[in-house]
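Chemist: Residue-level listing of the chains:
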Amino acid sequence: MTAPPTAAPDTRPPVPSVARPHAVRRRPRGRLAALPFLGPGSLYIALLVFVPVLLITAYSFFERGRFGGVVFTFTLENFARLFDPLYLGVVANSLGIAAVVTALALLIGYPTALMITRLSPKWRTIALIAVLLPFWTNFLIRTYAWILLLNNAGWINQALQALGITQEPISMLYTPQAVVVGLLYMYLPLMILPLYSSLSSQDAQLGEAATNLGASPFRVFRTITVPLSIPGILTGCVFVFVPAMSNFVIPELIGGGKTVLIGNLIRDQFLKARDWPFGAALALVLTISLLLLLLLQARLSKRLTDGKREKAGAAKGVVTDA
Amino acid sequence: MRRSRFIRIPFWLTFVFLYLPIVVVVILSFNDSSNLFVWRGFTLDWYGELFRDQAILEGLVNTLIVATGSTAIATVLGTLLAVGIQRYTKGGLVRAFALTPALLPDLLLGIGILSVFSLLGFSLGLYSVLLSHAAFSIAFVTAIVLARLAHLDPSLEEASRDLGAGPVRTFARVTLPQLAPGIVAGALLSFTLSIDEFVIAFFTAAPTTPTLPIVIYSMVRFGVTPEINALATVLLFVSVIAVLGAQRLTKVTEAL
Amino acid sequence: MRFTKSVAILAGATVTALALTSCAGASNDAIDPEADITEQSLTVSIWADYYPETLAEDFEKATGVPVTIVNHATNEEVVAKLTASADPGIDVAFVSGQYAQALNEAGLLQELDKSLIPNEANLYPEALELAYDEGNAYSEPYAWGTTGLCYRPDLTGFAPTSWNDLLNPVPALEGKTTMLSTERWMALPALKMLGESVNSDDPAVLEKVKEQMLKTKDTLLAFDDTTFYSKLVSGEAAMVEAWDGWCNYAIAEDPTVQFVLPEEGSDLWVDTMTVLKSSKNKEAAMAFVNYILEADVQSYVASSILYAVPNKAAVESLDPALVEQFPNLAIDPATLLEQETVVDVGQFGTEYTRLATEIMAAG
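Residue numbers (this note's numbering), protein chains in the order written: chain A, 4 to 325; chain B, 132 to 387; chain C, 28 to 390.
Keep in mind that the hints were calculated from the coordinates and are not lab data. Ideal Cβ placement from N, Cα and C applies to all residues, glycine included. Treat the hints with care, as some may be off.
Once the Cα atoms are required to be at most 25 Å apart in a straight line, the calculated DMTMM-like pairs of lysine to aspartate or glutamate come out as [what the hints assert, rightly or not]:
(1) C:K141 to C:D229
(2) C:K237 to A:E211
(3) A:K125 to B:E189
(4) C:K304 to C:E280
(5) C:K242 to A:D87
(6) A:K305 to B:E189
(7) C:K88 to B:D284
(8) C:K244 to A:D87
(9) C:K307 to C:D85
(10) C:K235 to A:D87
Only some residues are given here: those of chain B computed to face chain C with a beta carbon under 8 Å [as the list claims (entries may be wrong)]:
(11) Q217
(12) I242
(13) L245
(14) L255
(15) Y258
(16) T301
(17) F334
(18) A337
(19) P338
(20) T339
(21) P341
(22) Y348
(23) S349
(24) M350
(25) S370
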């Protein structure tokens, strides 16, 4: 990207940049302008997501029929049941595991995304595709392959024993740690892609300028790269955290059914107990909490980036003027 | 710092991690034994069986149709939403609305959409899966494009408009190209999510038009057979070819 | 804000409208015994690999009715789909007995017209009085069996005889056993060991089951409903809780594997064929059920899927060599019926699910 023409004499209408931190954004020029952008997508989501979900969550206010199904007597019992220590325990466990998975994904995904942005354009696409390619085979097949690798009679244990490194098989599967690894494996690309999208939009000049001014590579990383990539980080974290909590296949297959996450809980209510109302209540509470998380992320993201962008813009001004 | 070990080591580790089970799958697809723990020799038999398996081939075609269609819808609607949110909204409400589908448990969405279709008297088919997949993919495209938008220099757009270009032209010639990497990333993700999606597809597909994950899920009752491993290998191979081919044809790399 | 509000109102209005719409009714036409079934076509949903490969072609050849066989992986999923959808596009659904009972209570099953299913006479008399559906009003049994212990004598070093051998294993076997994860079958061994009914709906009893299972959980390798037999074959596990038919798959790969029905007793489970009320091809569907109940067909089923079938004529015509290899195929119905038939426990079902959750989520 070449230097934008902000270096030229300023002919734009004056904008009080102190009074409004969002100076760089325009106020909506009438609803009409927004319609083609916000309209189609919102309508689609309203009809195909909100209506179905509202329908099911409406069930949470009713009772389970004797053999399953829904009986339309109003009750708040389902929400009261949520406070059972058993379920709260499952929630806490899920939060913990999802948090660990997200942290690991960030730790591994960030350097990977960063490296990808530093490749030549041709290799960049190849790397991105390479990240996604395993996910174009089937998740069940990959999960079973992991089981094959990790179980007590599996390839890794066989190799270790053949090489004489261990005598007894190491128990790697059917543990909460295995569940973490399984979830990490499933959702890593969901961290890498938003990170890449955000990192690749950063102006390389900023880093170069800072280096020219004497900053060490680590300092550039710490004060410029990371802060500017916060929207990507937050997006990636949400993308990983959310499904990590609702997944039910990994805890079952790789956790050996010995770890119960919210996803299993909800699945069990809908499918096994045929208790749609309770399942709906669980799902409703889960969704609302995640929604709040999302709103928090949006606020945080905006507050942090607008601040940084101001600084970055100022820095750029300095750089190009010099 | 460009290629320091702190970046390079995790980078390569990531790929080893991602491809370890893939290697297992590919190797086993050539194993002349249905016992997964013993190597008995090289064979192409499973590939033969694979190509004779109608159910799998139909499932594959269905999946590709659904993935392509839903990605198209999601990319267009999602990008528009992202731009709209960035430009025309202040609070997080519309944004939260747009991103909520990504937060919902897929089971909820699947049963919900099925119930609605059922109440409205629509019969299921491939189209119902396609529409359902697009519904949650929109959220992902929106989020990814937003992450990129948060960073773009708006002065370029302003300059373009100052120089006389109308809003449409500015959008097409200035905004979109800047967004391209985000849009591509979003589309890729949307396609990936759709290909592998089981739960929603299970509830919204007609029994006679299953997608590949549905076919495979019901087949792995006893664990994965070598035929299924052969399928995975073929998928991998075909994906690589398709992507390299597409790259030749488009100038996406320039935009990146 | 106005924008989001209008969207919300739109969504709310749509939901209300939908909720007020009556559910699409089931197809209520009476059965017409004279109907020409060759003008109908069938969609049958059954577990993968749970039927002879040539079943669809054979049926079409025999009756002229084209049939498409689709697969489902578990009872719960297909029941959820049938419940949520007014017209799931399925004519014949294969589900286990207690699920057929639940489906019937929900009004989703068609009452069977026995004049279209004369082959019912081939069944063992006991198979006509199964507790979840006495007289087979809305289901016909396809395969049946019991739950027991499937084990490798070379790895266990002894022949287990009691559920206790699994629930409180000797130290050498710790970490080498698995149990079924479906809640009714997870509770089964403890229930039987305590001398209780498999259909118990007594909270105090379940509490005792929980106490035992919390101890057992620490000794288990995993809860596994699907790959437990391959764990036996690979040697990861030495003894697993298994359905007898599944144990045959292990025996087929490793002839040293044995199956035993523990002395405290077990359950009788039955996989059944049902016709959906929403089906538009009811006569053809019943012809399909009738076809399965033919002696050679059900015998072919038994030898293909290695499960015991409740068809007297079929069992008598089984190849003796096969029966020698897989003895449970010719199990005496009296023995089976000594076990308790699994029935749906209605509202109490949620307690079993909760029990399973408690056990699986524990430390």
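Chemist: Taking the hints in turn, state whether each one holds.
Modeler: Hints, one by one, checked against the model:
{"no.": "1", "hint": "C:K141 to C:D229", "result": "violated, 37 Å"}
{"no.": "2", "hint": "C:K237 to A:E211", "result": "violated, 64 Å"}
{"no.": "3", "hint": "A:K125 to B:E189", "result": "violated, 34 Å"}
{"no.": "4", "hint": "C:K304 to C:E280", "result": "violated, 41 Å"}
{"no.": "5", "hint": "C:K242 to A:D87", "result": "holds, 22 Å"}
{"no.": "6", "hint": "A:K305 to B:E189", "result": "violated, 46 Å"}
{"no.": "7", "hint": "C:K88 to B:D284", "result": "violated, 70 Å"}
{"no.": "8", "hint": "C:K244 to A:D87", "result": "holds, 22 Å"}
{"no.": "9", "hint": "C:K307 to C:D85", "result": "holds, 22 Å"}
{"no.": "10", "hint": "C:K235 to A:D87", "result": "holds, 20 Å"}
{"no.": "11", "hint": "Q217", "result": "violated, 15 Å"}
{"no.": "12", "hint": "I242", "result": "holds, 5 Å"}
{"no.": "13", "hint": "L245", "result": "holds, 5 Å"}
{"no.": "14", "hint": "L255", "result": "holds, 7 Å"}
{"no.": "15", "hint": "Y258", "result": "violated, 14 Å"}
{"no.": "16", "hint": "T301", "result": "violated, 23 Å"}
{"no.": "17", "hint": "F334", "result": "holds, 6 Å"}
{"no.": "18", "hint": "A337", "result": "holds, 5 Å"}
{"no.": "19", "hint": "P338", "result": "holds, 4 Å"}
{"no.": "20", "hint": "T339", "result": "holds, 6 Å"}
{"no.": "21", "hint": "P341", "result": "holds, 7 Å"}
{"no.": "22", "hint": "Y348", "result": "holds, 6 Å"}
{"no.": "23", "hint": "S349", "result": "holds, 4 Å"}
{"no.": "24", "hint": "M350", "result": "holds, 5 Å"}
{"no.": "25", "hint": "S370", "result": "violated, 25 Å"}
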